[in-house]
Amino acid sequence: MIQHIKVHEVLQQSVAGFYADLVTRPTGRAVRESIERALPAGTIAVMDFTGVGCLDYSCADEIVAKLVREKVRVLLLRGTSDAHRDAIEPVLLGHGLAAVCERPDGTLHVIGAREPAAALLDELVAQQVAARTPGGAIALTAA
Amino acid sequence: MTRLVEVPVQFDDRSFDQFAAAYAQAADGERVLFDAHAAEWASPYGLVGLLAAGEAAGRRERPLLTVPANTEVVSYWARAGFFREAADLFEIHGKVPRTKPATESEVLLPVTPVRAAEDVHAVVSTIQQRASAILAKELGLDPKATMGFAMALSEACQNIVEHAGAGGWVAVQAYNWRRKLARRVVVIAVADAGVGFRHSLEPSQAKRFGDRWGDAAALEAALIQGTSRFRDPGRGQGLAGIRRYLARWEGKVAIRSGTARIAIVPRWDDDVPLRDGLPAFPGSQVLLIIPEQGSAQA
Chain A
6 MIQHIKVHEV LQQSVAGFYA DLVTRPTGRA VRESIERALP AGTIAVMDFT
56 GVGCLDYSCA DEIVAKLVRE KVRVLLLRGT SDAHRDAIEP VLLGHGLAAV
106 CERPDGTLHV IGAREPAAAL LDELVAQQVA ARTPGGAIAL TAA
Chain B
564 MTRLVEVPVQ FDDRSFDQFA AAYAQAADGE RVLFDAHAAE WASPYGLVGL
614 LAAGEAAGRR ERPLLTVPAN TEVVSYWARA GFFREAADLF EIHGKVPRTK
664 PATESEVLLP VTPVRAAEDV HAVVSTIQQR ASAILAKELG LDPKATMGFA
714 MALSEACQNI VEHAGAGGWV AVQAYNWRRK LARRVVVIAV ADAGVGFRHS
764 LEPSQAKRFG DRWGDAAALE AALIQGTSRF RDPGRGQGLA GIRRYLARWE
814 GKVAIRSGTA RIAIVPRWDD DVPLRDGLPA FPGSQVLLII PEQGSAQA
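Residue numbers (this note's numbering), protein chains in the order written: chain A, 6 to 148; chain B, 564 to 861.
Keep in mind that the hints were calculated from the coordinates and are not lab data.
Please note that the accuracy of each hint is not assured.
What the hints assert, rightly or not - Stretch-level coverage of chain A by chain B, calculated; a stretch enters the list once three of its residues show a Cβ under 8 Å from a Cβ in chain B:
no.	region
1	36-42
2	60-72
3	94-108
In this text, a Cβ means the ideal position worked out from N, Cα and C, and glycines have one as well.
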């Protein structure tokens, strides 16, 4: 079963003040801890960044890298901007980790370290969470 | 006894060492008088650096500050938000206009205190509202670059919250940089009077550097090697991220801490990558410069 995380909502619930930006370590830590409480270990999770403004390296590390490293089997990123991915990708690379990213057209690609990346899409296909499209790309079978 | 520290006439990162040298002469027990009466211009780096000096000097005795004699200069410092912060640190001598920090286009972020994560949130939120048009229209940056700018600003400010052990200040301005580039730049300046990079990294890095350990080695470890005082492998990415962002836009980063200064020097600048043996100055001072795109001169 896929777990869905709406990051902007978690941010609003986890941190005092109406922030749209995921910046600073304490904010990242608070958001990750909220997510972890609701997320079974070893799961496949979709993390939706819609509505999130700025994402800095500290938050990318605290939230995305730590969830990939310690909590989830596959993390799928949805609603990310170029700037979000600019923050997430180097952080994943630094840890030797990878995550799946959903493009606006629904097809998937992997960002981060090359070695774990290859296995991620295979895992999604094997779990029948994703499938090859007629065009040869991979997309989720159920959102 | 009172020690006079002159604020340079043109007060920016280039004249900062002259200021630091005068500041370093002040001995324990001496009250410091910062004399800015002759100041004709101060960059954001100069303004936040002066506040850091005021805070450090105030640990001995509340320092004095003579405001610039030129009314236009003092008015600009007021609009840049300097006196709002200085009032808590200095015994101010001279007439300070009652001006709210500016909403004019040059002052993207007036001098703003950074003490906690909430302050970083406020800074990032403010800059996104104000900087987008300037970065895109005046500097020719891709509109998407605004988010990266906010990210770089966030990381620069977090260095204070996470490592300084004291509060600091940030200011962001856009102006024409005639002397160096003959084009517009956006400048982020962040300064604190905290423990500095060497002290922050000493427990984890000093052994590795052995006899070489000092302010210069600490700056090199932080900016070039991306090391952090934390064992967590995810730490130390903030400065690396700033470097990546600035490299994309031909920007410059320079960090002064203690007796050293390190810079990633773009091709339009002739700064020195690493200087050691500078006059000692408390804390850390960070300078980020993003130039107008398109007409870079070697």
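To see whether the hints hold, each was checked on the structure:
By the rule of at least three residues with a Cβ nearer than 8 Å to a Cβ of chain B, the coverage given for the region 36-42 of chain A is violated, with 0 such residues. Only when three residues or more bring their CB closer than 8 Å to a CB of chain B does the claim for the region 60-72 of chain A stand; here the count is 8, and the claim holds. Requiring three or more residues with a Cβ within less than 8 Å of a Cβ of chain B, the coverage given for the region 94-108 of chain A holds, as 4 such residues are present.
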